[in-house]
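*Asks:* Could you build the full structure based on these sequences and the hints that come with them?
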Amino acid sequence: MEIDVILNNARVFLAIIASISALYITFRTIRKFKGERAKELHTQYVKLKELVKNTDENYAEILVILSGLTTSRLTKDEVEWFISEPGAFLKLEQFGRVNGRYSEINLIAKEFALPLRFRTRKGRVIERLKIVLFSILFVLMLLLFWYLMLVNSNTPEFFVYIALACLSAYILVVLWGGHYLWSTLSKAVKLAGKP
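Numbering (this note's numbering), first residue to last: 121 to 315.
The hints are simulated quantities; they were obtained by calculation from the structure and are not laboratory data. Even glycine gets a Cβ: it sits at the ideal position worked out from N, Cα and C. What you were told as hints is all true, and nothing was included just to trick you.
Straight-line Cα separation of at most 27 Å, DSS-like style, residue types lysine-lysine; simulated pairs: (1) Lys-159 - Lys-310; (2) Lys-310 - Lys-211; (3) Lys-173 - Lys-314.
FRET-style restraints, in silico, Cβ to Cβ: (4) Ile-185 - Ile-228: 25 to 33 Å; (5) Leu-236 - Lys-310: 16 to 24 Å; (6) Glu-205 - Leu-134: 47 to 55 Å; (7) Val-132 - Ala-285: 33 to 41 Å; (8) Leu-257 - Asn-174: 46 to 54 Å.
*Replies:* Written as structure tokens, this is what we have:
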């Protein structure tokens, strides 16, 4: 009886030690990755700073280097702004995620800006309502389609389960897409302003 208690306490102790060790290794790996990423960004920044001195001739090479950092295609003026404006280069990757519909660069004010229709709270609320309504309508349309298909046919039970699994996957994809658009707008609002 006492041996069982001692073994159980030893197991609990070993589980705690293993959990703490795993957390320590995870945090150390994350910190190491962030340090390596910062060094890589600095190397690319130095290389780009040299190339921007003659943007017209080096524009193609600049775009190749930037393709590893952002998905957005930047103009020559925007590239020069990202290199010369303090702090802007650090937000290049984030800008690439929200660029297009929800964010732009205002070169005159030297800042990230929301497009005109999203600058007011009312515009952002309307956009979010569009996202929610589209997601709900699309899910309802899928539900109706699958309901009509499954109820009005003599489908074997096996195929009904497969159809329900596909329906669940479709609904998850629609909800993920709605969440993605919602969070992209929120990120663009946070990005807006001076870098």
